[in-house]
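J.: Here is how the chains run, residue by residue.
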Amino acid sequence: MGPVDRVTVLLAEDHAVVREGTREMLERDPLISVVGEAEDGAAAVALAADLSPDVVLLDLGLPVLNGIEAARRIRALPRPPRVLILSAYDDNDYVTAAVEAGASGYLLKTSHMRDVVAAIRSVALGEVVLHPAVAARLLMRSRARDQAPEMLTDRELQVLRHAARGARNKEIAHLLSVSTRTVEAHFTSVFNKLGVTSRTEAILQAVARGWLALDRERELP
Amino acid sequence: MSLRSIGLPRPRSTLRRWTRLRLRWGPPVQRREFWATQALVLVIASGHFVLELLGPERGLVDLDFIPVSLFLIPVVYAGLNFGLRGAGPTALWCAVLTVPNAVYLHPWPDQLAELWQAGVIVVVGLFVGQRIDREQRARREADRRERARRTSERTYRSLFETTGEPILLIRPDGVIEESNAAAAALFGASREGLNGRHVADLGSSELTVALRQPDPVRVVGLPDRARGGTRWVEPVVTPFGTEPGRIQAVLRDVTAQRARQQGLEAYTLRTLTAREEERRRIARELHDGPVQSLVLLWRKLDELGEGASSASRADLGEARSMAESIAHDLRRFSRDLRPSVLDDLGLEPALRAEVATFAARSGVDARFAARGEVRRLSPEVELTLLRITQEALHNVERHAQARKATVRLVFGRPAVRLMVTDDGRGFESHRDSRSLLEAGKLGLVGMQERARLANAEFTVRSGRRGGTCIIVVAPDSTGATTKH
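One line per chain: the protein sequences are A and B, in this order. Heads up: the first sequence is residues 1 to 221, going by the working numbering. Heads up: the second sequence is residues 1001 to 1484, going by the working numbering.
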């Protein structure tokens, strides 16, 4: 996907008026094209498979199949689109569950549409995006455990960045030309520094601190 | 003029008392045999007197000891017949009649021998009378006991025969020794057919076990031969007689109570389900209606802000944050009604969030820990465990005056265990629902009932010192059906 291509988006939102409004606002952006709309989770999965959009903008409170489950199934498709959650829930558990299910971003419905448009573009490029309020909540939780976590090394950040895009340990090892065991060692070190126990939490903490976005310029093609 | 009015003692009552005493302890003066005995004594004494008076002249002196020993006959006779109250006066009467004989016809020291003999007779009389009295008392007592035993046996027998409760008397080897009509009807057999059979042949292994290990709350189902279906009985087992292992089993028929209780349970379950459904619907509608409208409002405000002056943009920003706080409140209401996390993500995150909210609200140091293989459970079990936790934390906040509380969730196979503990002041522990109810622990009764409806075991432990601990063990057959 080149930078001149329009980002194709599938909208999944059960509230018709909100969906219409969102579509209208997204289409004002010349670089975004809404290719489909779904009003429940199951339809979102089916359309994602049919249309293979770049990004699925997904509500969490969907009928039939909730957003988390829909995200998991969408990410399990053969050519999985990126998933950006647009939710009314700001609970950490939802954020963690969404990222675990494979979502690349989590925005709240209070977000300005400008930020939604920007997030769609970032996610399409492989970034991980968190709503500032969500990031603040995540940091609040970690701060209770650890006042000032140690800064990660460049190598650890690289490993984490690849993980955030959904790469497995083996793939990361291949990309960085190191052994799988080295990648695992990096993860262990990252977990210790951030006081977390899973890749998802590590990614979320790094994103919340802005560490993964810091290198954005360098990562852009 | 009454005697009492001039201050004299009451002769009638004195007389009556005297009469009563005489009747009890005095000689049996109204009995002809008594007077015949006294007459015999007089005859013997007279004979003795005459014998001795004429004795020396007619050569009969050697026989004078015979009449004295003859006194033993009336004395012993009176003793055997009337006890001490007969023997005592008779012996005294003998002694009195000996005195003139001794005084007039015997020289010293023969007088002493006569009186000695009289004394011996009195002692024999008292002894015999006293022994007879004791014997009679003992026999009367034994008679009374025997009568009482027979009466009680008759009473038991009639109860046994006529009661509607089926009763079996069972020998230590498990053979039915005796059964009543109700038992025969219960098992659809004649009493002759039932007696002598082994309990294991009654067609219910459950019953055999229940009879062997008495457990008052066990209810056993028996096929109802007369009307079809199942009769539910509650065996109440008590030892019978002195032989160890011999028991009486009353098979209390609780079919009707059971049906009523099941009706109540079904009703409670329906009420609960309806309430939960309602809460879920309202929570959902709060989220779908007002919150979505607020989303549209934000967008409108954002749009208006695009081309506005900085002053009005500040006002719009204020309006936006007002709308945000409304949305936040709506979210909270919705979550309080029914946390969407429970339905979307499962019990573990729902409890974690619940405990965190509780800690922030109450100031109690509340912790949550999950162990084992964290997974989704059936919706009923997840909801039950969440509601019990909420109620338990509510109690901690309101009654326990606790500083710490812990919620633990252990995912075992196949059971899931929830424990809510606190370090508060606790209460006296109670074993069953009735005493919980009596103690006014309605919250606990509610938790217990909720657990039961989800086929879960509920235990509460509490002491005045050690805080309170609530344990719920729920089965995890995913998609488990609740009791109907």
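Derived from the structure by calculation, the hints contain no laboratory data. We put the beta carbon where it would ideally sit given N, CA and C, even for glycine. Check each hint, because a few of them may be wrong.
According to the in silico footprint, chain A covers these stretches of chain B (three or more CB under 8 Å from chain A) [what the hints assert, rightly or not]:
(1) 1292-1305
(2) 1332-1345
Residues from chain A that keep clear of chain B, each with C-beta distances beyond 10 Å, as calculated [claimed, not checked]:
(3) Arg114
(4) Gly126
(5) Met151
(6) His162
(7) Leu176
(8) Glu184
(9) Phe187
To give an idea of the interface, some chain A residues facing chain B are shown, with a C-beta separation under 8 Å as derived from the structure [what the hints assert, rightly or not]:
(10) Val18
(11) Leu26
(12) Glu27
(13) Asn66
(14) Ala97
(15) Met113
(16) Val117
(17) Asn169
(18) Lys170
(19) Trp211
J.: Does the structure break any of the earlier hints, and which numbers would those be?
T.: Of the numbered hints given earlier, those the structure breaks are 3, 11, 12, 16, 17, 18, 19, listed in rising order.
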